[in-house]
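Enquirer: These are the residues of each chain, in order.
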Amino acid sequence: MAAKRRTDEMRDRVVLGEFGVRNVHTTDFPGNYSGYDDAWDQRRFEQAFRVDVIREEGDELEFDMVGIDAAIANAFRRILLAEVPTMAVEKVFVYNNTSIVQDEILAHRLGLIPIRADPRLFEYRNQGDEEGTEIDTLQFQLKIKCSRNSQAAKESSDPNELYFNHKVYSKHMTWVPLGNQTDLFPDADFRPVHDDILIALLRPGQEIDVLMHCVKGIGKDHAKFSPVATASYRLLPDITLLQPIEDEAAELLQKCFSPGVIEIQNVKGKKVARVANARLDTFSREVFRHESLKNLVRLARVRNHYIFSVESTGILPPDVLVSEAIKILMGKCQRFLNELDSVPME
Amino acid sequence: MALPCRKTAVRTGGNCFTFTLLNEDHMLGNALQYMVMKNPDVEFCGYCITHPSESKINFQIQTRGALPAVEPFQKGLNDLMGVRRSMKEYRAQREEEIFRDAI
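Chain order of the listed sequences is A and B. Counting from 1, one number per residue, gives the positions in the first sequence under the working numbering. Counting from 347, one number per residue, gives the positions in the second sequence under the working numbering.
Simulated from the structure, these hints should not be mistaken for lab results. Here the structure is a predicted model, which is why all the values come from computation and not from measurement. Don't be surprised by glycine CBs; every beta carbon is placed ideally from N, CA and C.
Below 25 Å or equal to it, Euclidean Cα-Cα: the simulated DSS-like pairs (lysine-lysine) are:
#1 A:K91 with A:K145
#2 A:K220 with B:K402
#3 A:K268 with A:K255
#4 A:K171 with A:K91
#5 A:K171 with A:K143
#6 B:K421 with A:K327
#7 A:K294 with A:K255
#8 A:K91 with A:K167
#9 A:K327 with B:K402
#10 B:K434 with A:K327
#11 A:K270 with A:K255
#12 A:K224 with A:K171
#13 B:K434 with A:K220
#14 A:K327 with A:K224
#15 A:K294 with A:K270
#16 A:K154 with A:K167
#17 A:K224 with A:K167
#18 A:K224 with B:K402
What the simulated footprint calls covered on chain B by chain A, stretch by stretch (three residues with Cβ under 8 Å from a Cβ of chain A suffice, anywhere in the stretch; the number is not a length):
#19 373-379
#20 384-393
#21 415-424
#22 427-434
The following block holds chain B by itself, in its conformation from the complex (with noise of 0.2 Å):
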């Protein structure tokens, strides 16, 4: 199933973007929401659902000084991505010890 993501830049100067996100709704949109802004660089981060019966998000970033938006969306990606790789380590390692200690 495709997810096509469309970017529109808002503002020039490339420090402001708004992603618009296809078939997403809250689910991506508020954990990477919350991802972005642990960035220390971010200035304003947030989402919003166009109209209910669309599926996509509006999401805004924009960054203090000149560091291009784009950059935090990606470490934001890429941290829960991480978070979600944790997660899948932490079960494997503990169903290993559950089987260790089964046998």
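Here chain A stands alone, though its shape is the one from the complex (with noise of 0.2 Å):
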């Protein structure tokens, strides 16, 4: 019984001890433990898989994946940060710029910018093609010129008061279609996600005027392209108290944990803990400094049970970032189906 125990703790959990982590990699492949079947079953697996939103707010989603291995969600998250294609700024044309920003210094810190475009509406510009076509270009302008405000008082050095347009926002591009993009997209509104993203600052006289393609393109080509401002997870984290806990070492304890993970409760007018929410914990391991506390408690990580946090930069929905990272894997397991059958082996 005490064997199973260990066996399942070493199949299930990820062991935080005082000085490591034991059980790191995945062992249940077949054959690794008698008496289990271990082989992949799609029945099994759809019988455990789950899925459950458990925020989503604007830009951020918060999910569980329950059922899939490290690789897998892995995958699912190196997917989400390079593959998913986005549009941004690829060519800067510089047409004038008199201001201190040098052109090259100018010309990558528009690429970062985040525009609001659906990369599904546009293809990938072929290798070699300099113009860009209208299924594949988005053309944006930035013409702004900065001069003197001759209404402002005498010993004002405000800015603000002294110049107009000496601050050069995202809001001052616009988008300029390109031949019969009108037709093509008649509601859209193709502009940076953001408008108050400071491109750069302009005194009387300086001026920029720049024209500029977007182009799609994946995060593994450009970090610019990367349509998350970050996609991660983490292991559901598991504490087990292996002793009750009473009174003083119940309150520290408490102490040792984030908000809200172990509770104290009165049972027969003694203080006794229990952990409530271990979920909310982020496994700081202070129990481990406590003499009192370490051998009593149990802090491991559930292995198949991920919570994935996707914060998109507001080009595309979470959860629609979420449905094309599943497609791409989708297309790339099949590209390669199709390759191994029409290409005959040696």
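Two independent chains are provided; combine them into the complex using the hints.
Expert: This is the structure we're talking about:
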């Protein structure tokens, strides 16, 4: 019985010890454990698999995926970061830049601005194509000149009063339709996601006049194409009290964990600690610093329960990003399967 | 964006194959390795990135007995697609439920 418990712990939990982490690697492959059938079974997988959306607010999405392995969860995270395409400024044609921001710095900054354009409406640009067509390019113009405000007070030193257009924001970028884009996208409103991104500062007489071409790309090529502010996951914490903990020890235990994890209940006049919500814990392992407590608690993580947190840059809503990521991995697998069928094996 | 996949046989007998997958990295490599290892006929499966500057992986499968190594590879890809399909269906189902509740 104890042996089975230990085996189950090895299979299901990643245990955080005082000086190291145990059972990190996935070991449930066929043949490793006698008495367990670990071969891949789609039906068994589907029975155990679950996706629960915990929180969906604006650009942030937090959801749980239960029943998958680290390899798949990580593949998912990597796709969200690097393989979901977006549109971003790639080429900047500088007609006039008399500001103190150098051309290449300005171009770099413009490239990092997230553009609200659904990348699914566009194609990738062909390699070697310099001009760009209406199906793969979005054109933006930034034309702004700073001038002196003759109405300002003589003693004023506030730049907002003294100058017009001295701050170049992303709201000054305007979409210039190419070819028949006005017909292709009649209701479209292509612009940067945020209006208040400061691009450059100007003084009277300085001017910026650039034309930008946005293309479709992926984060693997350049981080500006990444659609997520970040996408990360953590495993569900699992805190077990190996013995009942009471009175002062219970209060100390509560302080060792994040608020809300341990609650103190009044049982027959004594204060008894209980694990209320292990999910909230950030695992600072403070409990290992107390000799009286460190052997009474087992800190572990549930190996197949992933808490994903996806924050979008605003180009696409996060649930759309998740769907796109799933489609991309399926597309990859399908491509290799087709290759296998088409090329004869040696 | 074309993703060519070149295959080279390392050992004769067909039960050990090294595939070179171009334009791939840990994302597909690790996920596919996990799915192929779940196959009881596979004796060994591993992948490595030959050089970090080159975007390709060497994916090696060795099977027990005389099973040609291409089969676990295909099965792994199909199983991975199955995982993704369940994810999509699960999400679609949940969205339908949410939609129904909202009405």
